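Asks: Sequence:
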Amino acid sequence: MTATYTFDVFSSLDGFGSASANWSGYWGKQGPELLERRLAVYGPEQRMVFGARTYRDFVEMLASDAQDVRDAWVTRMRQLPATVVSTTLDGPLDWPDATLVSADAVDVVARLKKESDVPLRSHGSLSMNRALLAAGLVDFVQVTLFPVITGRTGVRPIFEDCADFDLELVETRTLDGRTQEFIYRPTLH
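With the numbering used here, letter number 31 in the sequence shown gets 611, and the count goes up by one each step, no holes.
These are calculated hints, taken from the structure and not from any lab test.
You may find that some hints are simply not true.
As the list claims (entries may be wrong) - In silico SDA-like pairs for lysine to any residue, Cα to Cα no more than 25 Å straight-line:
#1 K693 <-> T733
#2 K694 <-> L642
#3 K609 <-> L642
#4 K694 <-> Q722
#5 K693 <-> L749
#6 K609 <-> F739
#7 K694 <-> D684
#8 K693 <-> R732
#9 K693 <-> K609
Claimed, not checked - Okay, the calculated beta carbon distance ranges per label pair:
#10 I729 <-> G671: 38 to 44 Å
#11 V750 <-> T668: 24 to 30 Å
#12 N602 <-> T582: 42 to 48 Å
#13 D670 <-> P612: 37 to 43 Å
#14 I729 <-> V750: 31 to 37 Å
#15 V686 <-> A620: 16 to 22 Å
#16 I729 <-> K694: 37 to 43 Å
The structure presented is a predicted model; accordingly, all values stated were derived computationally and were not measured.
For each residue, glycine too, the CB sits at the ideal point set by N, CA and C.
Make a model of the complete structure from these sequences and hints.
Replies: See the structure below:
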């Protein structure tokens, strides 16, 4: 049996994964439905897959005193087993039940999909997930779209230099009357 792989990402309307300047976490648009949904998404057993940059960002974020980094879904995500794919990191990792793999992400995820008894999920890890999309290893793209435009302050364009894909809409929902969640099945165009 082949495990499914979901690329899970937060986005502004203009396609940025984060912003600089005076934006807070979730672009200040979190609400109870969003937080409940995130916890539900991370509730079932699954394996997280991170690239080096996202892993470093999470470790730094979780070491801070910011309130929104202690949301229940983040705590749950940190409890899940994780594979960190990096040729630049050295162990040991500051993450419970994490395995560091120094190899090409495409090879690592192809192997994990064959061997894993649980679904695979990656939150963020933009460049890694663009490579996995191009290799046909991403089964679902889950985009949580926040109602903001970060034209001047947006950083990390999510699909910058990505291949072209057709997207089949699998599921959609509105959270807190403003934030949209879309789950797509990608097919290389």
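Asks: So, for every hint listed, does it hold in this structure?
Replies: Hints, one by one, checked against the model:
1. K693 <-> T733: 36 Å, violated
2. K694 <-> L642: 31 Å, violated
3. K609 <-> L642: At roughly 20 Å apart (the allowed maximum being 25 Å), L642 and K609 satisfy the hint.
4. K694 <-> Q722: OK: K694 and Q722 at ~21 Å, within 25 Å.
5. K693 <-> L749: Holds, at roughly 22 Å.
6. K609 <-> F739: 22 Å, holds
7. K694 <-> D684: 16 Å, holds
8. K693 <-> R732: Measuring from Cα to Cα gives roughly 38 Å; hence the hint is violated.
9. K693 <-> K609: Given pair K693, K609 is violated - Cα atoms ~34 Å apart, limit 25 Å.
10. I729 <-> G671: 38 to 44 Å: 40 Å, holds
11. V750 <-> T668: 24 to 30 Å: 34 Å, violated
12. N602 <-> T582: 42 to 48 Å: 44 Å, holds
13. D670 <-> P612: 37 to 43 Å: 40 Å, holds
14. I729 <-> V750: 31 to 37 Å: Hint violated: Cβ distance 26 Å, outside 31 to 37 Å.
15. V686 <-> A620: 16 to 22 Å: 30 Å, violated
16. I729 <-> K694: 37 to 43 Å: Once the Cβ atoms are compared, 41 Å apart, the range 37 to 43 Å for K694 and I729 holds.
Hints 1, 2, 8, 9, 11, 14, 15, counting from the list given before, are not met by this structure.
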